[in-house]
Amino acid sequence: MRDAGGCRALQAGSLGPLKGRFWAAAAAKEQSYEYGSARYLLLCGLGGMLSCGLTHTAVVPLDLVKCRMQVDPAKYKGIVSSFGVTVRDDGLRGLARGWAPTFLGYSLQGLFKFGLYEVFKMRYAELLGPEKAYRWRTGLYLAASAGAEFFADVALAPMEAVKVRIQTQPGFPGTLRAAAPRMYRKEGPRAFYKGVAPLWLRGIPYTMMRFACFERTVEALYQHVVPKPQSQCTKAEQLAVTFVAGYIAGVFCAVVSHPADSVVSVLNKEKGSSALGVLQRLGFAGVWKGLFARIIMIGTLTALQWFIYDSVKVYFKLPRPPVAQAPKSPKKQK
1 MRDAGGCRAL QAGSLGPLKG RFWAAAAAKE QSYEYGSARY LLLCGLGGML
51 SCGLTHTAVV PLDLVKCRMQ VDPAKYKGIV SSFGVTVRDD GLRGLARGWA
101 PTFLGYSLQG LFKFGLYEVF KMRYAELLGP EKAYRWRTGL YLAASAGAEF
151 FADVALAPME AVKVRIQTQP GFPGTLRAAA PRMYRKEGPR AFYKGVAPLW
201 LRGIPYTMMR FACFERTVEA LYQHVVPKPQ SQCTKAEQLA VTFVAGYIAG
251 VFCAVVSHPA DSVVSVLNKE KGSSALGVLQ RLGFAGVWKG LFARIIMIGT
301 LTALQWFIYD SVKVYFKLPR PPVAQAPKSP KKQK
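For what it's worth, this note's numbering labels the leading residue of the sequence shown as 1, then goes sequentially.
Source of the hints: derived by calculation from the structure; they are not laboratory data.
Hints are supplied without guarantee of correctness; some may be wrong.
[What the hints assert, rightly or not] What follows is a set of in silico ranges between Cβ atoms, one per label pair, in the way DEER data are often shown:
id, residue 1, residue 2, range
1, 277, 232, 52 to 62 Å
2, 87, 178, 21 to 31 Å
3, 280, 237, 47 to 57 Å
4, 223, 280, 31 to 41 Å
5, 240, 127, 32 to 42 Å
6, 127, 193, 40 to 50 Å
[Stated by the list, open to error] Calculated lysine-lysine pairs in the DSBU-like style (CA-CA distance at most 30 Å, straight line):
id, residue 1, residue 2
7, 75, 228
8, 132, 317
9, 77, 194
10, 132, 194
11, 317, 194
12, 186, 75
13, 132, 228
In this text, a Cβ means the ideal position worked out from N, Cα and C, and glycines have one as well.
Sequences are here, hints too, so could you generate the full structure?
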């Protein structure tokens, strides 16, 4: 069921017309869409929209506290105390500030992140051929996810800028419909895209780690932890493996991307600031503020996102080839 990763495609040989897979007959009873078809990829994008949009919106309170700890560490010193300060200043409703741009922005990001990952993964595997695609599968995951995240961050940048302003700038409008027009009137289009470069610095390493770590962790879990072959596991058991692998990947992602995330938060709050200037001012210790909150948030987010993404594939009965296995060479087949 684990078709979120790359090696499901890698085993299928040439990806040319995306037909005639050796596993196609076995999957015919389950799949409702041909692997690699436009509908298949659109549903992958839909799964990405739901997985990213819903999960990021669900953790808006934690994200808000994390951003405030990054931009005002003197006032927001710890997770628990920061929640208390936020409720005292803004009430319980204050914990939901920025939910609308979060939902819209991360839904768009998920569409491009997961949808384009599938596209790039298939095309790169086609170019490499089955043997090289398997042997270099980690590099393939890294390259495919980096390309997907590049476009995903361009889609996310406007709403991320609005979200951070709403959450961290005192006196700023608290709704998307009021905040976005104000930013445009005062700063023009640049207000929505000045944070795209830091988003790339944060998002591309994060996504590369996330996809590659997830893929290899799932592979390792089925090889060394799960007591029976993947083909004998129920869909619920396979989804459980997805969740565990997603959480492990999320912890690594949080550490890799946190310094750039700190820069993005401060950059979007302060008008006229630059990424290099913010980085120099924060220093080594400053860029790691709020790391524990981010580990909790990203670990949970990543696990839930993979779970939702694979659940969408289960619901629509999309092709779900097994985990990576070395293809037989022509000599061995003879």
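Hints and how they fare:
no., hint, result
1, 277 to 232: 52 to 62 Å, "holds (56 Å)"
2, 87 to 178: 21 to 31 Å, "holds (23 Å)"
3, 280 to 237: 47 to 57 Å, "holds (50 Å)"
4, 223 to 280: 31 to 41 Å, "violated (45 Å)"
5, 240 to 127: 32 to 42 Å, "holds (34 Å)"
6, 127 to 193: 40 to 50 Å, "violated (32 Å)"
7, 75 to 228, "violated (52 Å)"
8, 132 to 317, "holds (29 Å)"
9, 77 to 194, "holds (28 Å)"
10, 132 to 194, "violated (39 Å)"
11, 317 to 194, "violated (41 Å)"
12, 186 to 75, "holds (28 Å)"
13, 132 to 228, "holds (28 Å)"
Going down the numbered hints, you'll see the structure goes against 4, 6, 7, 10 and 11, while the others check out.
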